[in-house]
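These are the residues of each chain, in order.
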Amino acid sequence: MVGEGILKGLAETARNFFGSYVGKDRLTTVQYPEERLPQIEAARSFPFLVYDGSDWQQGMRCVACQICEKECPPKCILIEKSKDKKPDAVGKQQFYPAVFDIDISVCMSCQICVEVCPFEAIKMDVEYDLPTDDRFGGLLLHKQQLAKSNEYYNTIHPTEAAAVDAALAEERAKVEAKARAAAAAKAATEAKPSQAQPASGESR
Amino acid sequence: MTQTLDQIFVIALQRLLGLLPVAVRPLASAILCVVAILVVFPLLFAITTWLERKGLGRMQNRLGPNRTGPFGLLQPVADAIKSLTKEDIVPITADHVVHFLAPLVLVMAAFLAYAVLPIGRNMVLVNMNAGVLFFFAVGSTVELSVFMAGWSSRSKYSLLGAMRAVAQMISYEVPMVLATIVIIMEAGSLSTVAIVEKQAGYTGIFPHWFVFTPWGFMGFALFMIAATAESNRSPFDLPEGESEIIAGYYIEYSGFKFALFFLGEYLGMFATSGLAITLFLGGWSAPFSFLTWIPSYAWFFAKLLVLIGAFIWIRGTLPRLRMDQLMNLAWQYILPMALINMLVAGIWHFMPVGPIRWLVCSVLLAAPCVVLSFTLKRKKRLQVRTYYFAE
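First to last, the sequence lines map onto chains A and B. Quick note: to get the numbering used here, add 15 to the position in the first sequence (first position is 1). Quick note: to get the numbering used here, add 13 to the position in the second sequence (first position is 1).
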């Protein structure tokens, strides 16, 4: 019969129309500013810089190696290396970024900076409502705005952060063991200086 | 009391005109009536955009606009402010004069059609004795404005959209006019006022609307299909098919001119709906004899809102037709049905009143309806097309 499909379709839309007033579970949309959907763990928006401890300047993991700056496809990262050094996450003396800016109006959230970072210093944030009335200055994030604690990283990406923490702890332990071994070796040499000193003197 | 309420606008106009000198009364009367139309129908347009967005939203299990004012009722105001304050961009290669005139011609043609629509008892701007003819003559101007817009924009999309629109509108204008001829045959007049008065009587409690006859019902159905196509609404919205040609003939329009196109399109839809009400649904007359105490204009607008609701419902349901389906529907189905309908209306007129007349006319309409539907369903053998110039 001609027009049968049309009538079926009309019945379907009518059912939706009246049903949406009765059954709230029919409504698939979320009223955004008031309600938000729970975020999935793999969500990502823009990069941020991780720091350990409570002082964001002391604990910053970034060593200003500038790999992310070079790898960034849209070139939205600007880094200036410091003149002096400070201990990094694993305890080595390293440079730190004097300036670290990300222009999130340019950033395309590709996560390449995160992939290339050898120091686990830059990670993807999940914050997505970043409206501002200044489209140039307001969207250029500086070092302090970018710095976020490791605890924050653990809350937004728990699994990933746990793996990173484990890897870092292992590395730190390795460094400490090395330092301890070096110290032990030093102590051993100091314990019998009468033999060691002339030997070393001879070798020089 | 009901008499006064029914005629309240007519009386008010008379009182107002009484205050003026006799020499300026005809002019003042015309201006006042035109201003009333210019206020009421754009207001209805504003309400309809809200209704449409809400209705479509609900049909898709959404809420629709709900941020501006209670239930999003101020959405049309927000839309108006937005479109009025937007930059008016004209393409550098466009024909500036024609580009400027096209939306004006569209809105003007849409408004002119209201001159012959009887909105209530004694409430018609011009009681023309060729009212229906005038309506269609003015309605054809829409095609002109659409092609003006498409041609002057110097854009491929808008030209394609305009070509489609003109092909579609001309194809559907024929069955649309033919569908109304049955009414003119039965009423014996081209005057819209006379046609409504013919339908204003009652048998028992039931009205004498033309839609309650086999040929009237068929004519109404054909007219509404053609009217949907005429006003470029879904499922016949090929001229502005978003997925194919973005916005069709008004793609190069922005700001206020775009809003004018939008307004003109909706006004055209209201006007054709108004004509359908006038011709088939008894115009301003009440659906039952015991409801005649409700003012006539209220009935007209109630029927108009029902038809608008139907348009929105159809839009929320049906997908867009393909170009060949569109043309086949017009020429292979609606046009023959309109011609058969005319024949049936003639037979009805000369048969004696009674159930036999009903039976004969219904069968005479239902049989070709089913037979012709097979031609639409027939599977077409599509050949491989050779493009001579594209290679």
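Calculated directly from the structure, the hints in this document are not laboratory data. Since we're looking at a predicted model, the values are computed, not measured. Even for Gly, the Cβ is constructed at its ideal location relative to N, Cα and C. Some hints could be false.
To be verified - Anything over 12 Å on all C-beta distances counts as not near chain A; from chain B, calculated:
1) Ile24
2) Ala59
3) Gln73
4) Asn79
5) Tyr215
To be verified - For lysine-lysine, the following DSS-like pairs were computed, each having C-alpha atoms within a straight-line distance of at most 25 Å:
6) A/Lys189 / A/Lys107
7) A/Lys23 / B/Lys390
8) A/Lys23 / A/Lys96
9) A/Lys23 / A/Lys90
10) A/Lys23 / B/Lys392
11) A/Lys100 / A/Lys23
Comparing the hints with the structure gives:
With a minimum CB-CB distance of about 40 Å to chain A, B/Ile24 clears the 12 Å threshold, and the non-interface call stands. Even its closest Cβ contact with chain A, about 22 Å, leaves B/Ala59 beyond 12 Å, as expected for a residue assigned away from the interface. For B/Gln73, the non-interface assignment is contradicted: its Cβ lies about 7 Å from the closest Cβ of chain A, within the 12 Å cut-off. Its closest Cβ contact with chain A, about 8 Å, brings B/Asn79 to no more than 12 Å, contrary to its assignment away from the interface.
Distance check for B/Tyr215 against chain A: the nearest CB is about 31 Å away, which clears 12 Å, and the non-interface claim stands. For the suggested pair A/Lys189 and A/Lys107, the alpha carbons sit about 12 Å apart, so the restraint of at most 25 Å is met. Between A/Lys23 and B/Lys390 the alpha-carbon distance is near 18 Å, which keeps this suggested pair within the 25 Å criterion. At roughly 68 Å between alpha-carbon atoms, A/Lys23 and A/Lys96 are farther apart than 25 Å, so this suggested pair is violated.
Annotation: proposed proximity of A/Lys23 to A/Lys90 is violated, straight-line Cα distance about 54 Å (limit 25 Å). A threshold of 25 Å between alpha carbons decides the hint, and for A/Lys23 with B/Lys392 the separation of about 22 Å falls inside it, so the pair holds. With a C-alpha separation of about 74 Å, the suggested pairing of A/Lys100 with A/Lys23 is violated against the 25 Å cut-off.
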